Amino acid sequence: MIREEFIYKRSPKTIALEADLVIVGGGLTGTCAAITAARTGMKVIVVQDRPVLGGNASSEVRLWVLGATSHMGNNNRWAREGGVINEIMLENIHRNPDGNPLIFDTVLLEKVVEEKNITLLLNTAVFDLDKSSEDTISAVHAFCSQNSTQYKISAPLFCDASGDGIVAFLAGAAFRMGAESQEEFGEKFAPDKAYGELLGHSMYFYSKDVGRPVKFTPPSFALQDITQIPRYKTFNPKDFGCRLWWLEYGGRLDTVHDTETIKWELWKVVYGAWNYIKNSGLFPEAETMTLEWVGTIPGKRESRRFEGDYMLKQQDIVEQKQFEDTVAFGGWSIDLHPADGIYSDQAGCNQWHGKGVFSIPYRSYYSKNINNLFIAGRIISTTHVAFASTRVMATSAHGGQAVAIAASLAKKYSISPREVGTLHLEELQRELIKSGQYIPHLKLSDSEDLLQKAINIQASSTLKLKEIPGVDHWAPIVHSVAQMLPVTVGKMPSVTVSVDADEETELAIELRKSSKPFNHTPDVTLQTKTVSLKKGKQEITLDWEVEFDHSCYVFVCFIKNENIKIQYSEARISGILTVFNATNPAVSNYGKQEPTEDIGVDTFEFWCPQRRPGGRNIAMKLGDEINLFETENLKNGLQRPIESPNAWVADYADKNPTINIDWAEQTKISTIEFVFDADYDHPMENVIFIHPETVMPFCVTEVKVYNDKNELIGSIENNHQNIRTITLSEPASTQKLKIELANSNENTPVSLFEIRCY
1 MIREEFIYKR SPKTIALEAD LVIVGGGLTG TCAAITAART GMKVIVVQDR PVLGGNASSE
61 VRLWVLGATS HMGNNNRWAR EGGVINEIML ENIHRNPDGN PLIFDTVLLE KVVEEKNITL
121 LLNTAVFDLD KSSEDTISAV HAFCSQNSTQ YKISAPLFCD ASGDGIVAFL AGAAFRMGAE
181 SQEEFGEKFA PDKAYGELLG HSMYFYSKDV GRPVKFTPPS FALQDITQIP RYKTFNPKDF
241 GCRLWWLEYG GRLDTVHDTE TIKWELWKVV YGAWNYIKNS GLFPEAETMT LEWVGTIPGK
301 RESRRFEGDY MLKQQDIVEQ KQFEDTVAFG GWSIDLHPAD GIYSDQAGCN QWHGKGVFSI
361 PYRSYYSKNI NNLFIAGRII STTHVAFAST RVMATSAHGG QAVAIAASLA KKYSISPREV
421 GTLHLEELQR ELIKSGQYIP HLKLSDSEDL LQKAINIQAS STLKLKEIPG VDHWAPIVHS
481 VAQMLPVTVG KMPSVTVSVD ADEETELAIE LRKSSKPFNH TPDVTLQTKT VSLKKGKQEI
541 TLDWEVEFDH SCYVFVCFIK NENIKIQYSE ARISGILTVF NATNPAVSNY GKQEPTEDIG
601 VDTFEFWCPQ RRPGGRNIAM KLGDEINLFE TENLKNGLQR PIESPNAWVA DYADKNPTIN
661 IDWAEQTKIS TIEFVFDADY DHPMENVIFI HPETVMPFCV TEVKVYNDKN ELIGSIENNH
721 QNIRTITLSE PASTQKLKIE LANSNENTPV SLFEIRCY
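Residues 1 to 758 in my numbering are what the sequence shown spells out, letter by letter.
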């Protein structure tokens, strides 16, 4: 029994905690930063003011996680973010292909609680902080609403991933809120005050059919006149969840301090919209539907942005500026929304894409004023226009991983975040790439990798791409379709395809490439052909008078003609894709991007893949072999297709290939790291979409490793991840490794991006 007499005032229970790094905010950014930092050996405390992790991706909000892949609706091939966010998305699609947001919660929670170096404080909000000097934070103060406990959390390093930047704000760091003028940074897409300077919040709802009539009586606060919303006719019983991203409000208000006001307005709209769907009489199919779930907190897009040593701007994104200190990348469109949201008579968004992914510099990830404060997530140092692209969750998570590795180096050398970038940039970038992070224009250079010292790497077979074998699958050219092929220095090989014409007609074919070899936008036409076809099936051979002085992808484009069917293949090959000049209105892709005025973005066409089981490769024979799948790719420092496939690929017929690695002398090996092809082109949306696969077809599923005595020293079974490490119980002293590989997909030759040995 506890009994206390009256006293004038009590203080809450207070616990003092210490760590190497305190991360405030448990959205995807903070989650990925925490896991990454913990794996480097740092002691991490995560302070999250909600009961679950994930922020806008959690079951409380239910927004799909997206980044550079943009629903496969842009030209950013093989652009899904790497590292921990990639690990999370692969785990989720493996367990949760139906997109259940509650299961996604468990994936995130499991990843965090499995890391012993992480202390997780849920339902805990930071409200104050201490500083040891003008520019140094010494501790944050937080309160947990569920256990009525106050925490004083001390550390030498802090990361603000809170979305609104509560730590940076309390610490006095320089910030901006709203839109810069066109004149300040020369950004032609900068909005005027009529359009609005802030993006609003959104709130979603789920419905379901229960098979019997269901009555709905709206609450008194529901919107009574749905016609107040100019797009009210867009509401229908089929849309739910974040397909209603445009159900947005609050861009004219203070998106920090007016959030509760914004929430109530969104509830008013949600219940008014459901009343319209249920009771207007326009949707008889809604009679048996019920409202299953409504968000209780809004998904917030924008509030404060904090200033670092560099502020990313529109031109950096469009021109794909290369920074010496690049640590992350983005690729979502520059995506601004009218501040009036659902009460605006304008389109719900105004999206403009780039021709490829863009770089984000390390200088945008720490405060220019507070010397031990990293900034991550949507609050990083960008202009409002650049923020319109960097704000999305997968891009934010990618940046959070960069912050985590930087923090580990700050601890290692007892230096500030700024000094990491000036004194140890090369190490930062190297450790990021090793952790799975893709950094545009950088290769991994790792002197500790023993594979680089091997005298010979041989495989039981290597794909010599002479043919993409056809099957009895013919499809009309409803949309112009292109086969992407990697080429190297020399003449373009001839291409033979099979077509079936319904009548005498002509087929136009174009050979294209990208103006920048590291992009995959086919904006340069190298040669055009027109072939006359008779009725029926026939082969056509296309000879090209084109030579290349560098490696790149070419696009053999078959221009739309619905009277012609073309033969396809069931073979899926790492680094090989078909793309279609179709539309994807979900990401403002209408086949071609054509700004009607000079707003500082490019005009170009979209050529995008189809989701499997669609998107088959075109069956074809090549006049000369494409030999770009050699074992040398396993140590070239690149872990995804860019200008070339960058993968070793086995021959079609070799279902259980082996790789043999030889050293000149006995070599002591403790760990072996593998980078598999888990299809970086797939966006893997965590909600709404239903995915037909739980393991990507290119991914190696079984590995066995033998030493020079042919003894099994390590194995991997039932794999679905793209990075796996075999840690030997005892270091192996060997002059040779034999690696046996298998892939569970019969139509996909075994492939591998990288092996590293330590």
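Read the hints as simulated data drawn from the structure, not as lab findings.
Don't take each hint at face value.
[To be verified] Simulated crosslink set (BS3-like; lysine-lysine; CA at most 25 Å straight-line):
#, residue 1, residue 2
1, LYS188, LYS592
2, LYS738, LYS709
3, LYS534, LYS621
4, LYS535, LYS560
5, LYS453, LYS188
6, LYS368, LYS412
7, LYS443, LYS453
8, LYS668, LYS434
[Unchecked claim] Simulated restraints on C-beta separations:
#, residue 1, residue 2, range
9, PRO469, LYS188, 31 to 37 Å
10, LEU728, ASP128, 44 to 50 Å
11, GLU114, PRO213, 24 to 30 Å
12, LEU102, THR234, 24 to 30 Å
13, ASN710, LYS464, 55 to 61 Å
14, ARG212, SER729, 41 to 47 Å
Since the model is a prediction, treat every value here as computed from it, not as a measurement.
All residues carry an ideal CB built from backbone N, CA and C; glycine is no exception.
Please write out, lowest number first, the hints stated earlier that are contradicted by the structure.
5, 9, 11, 13, 14
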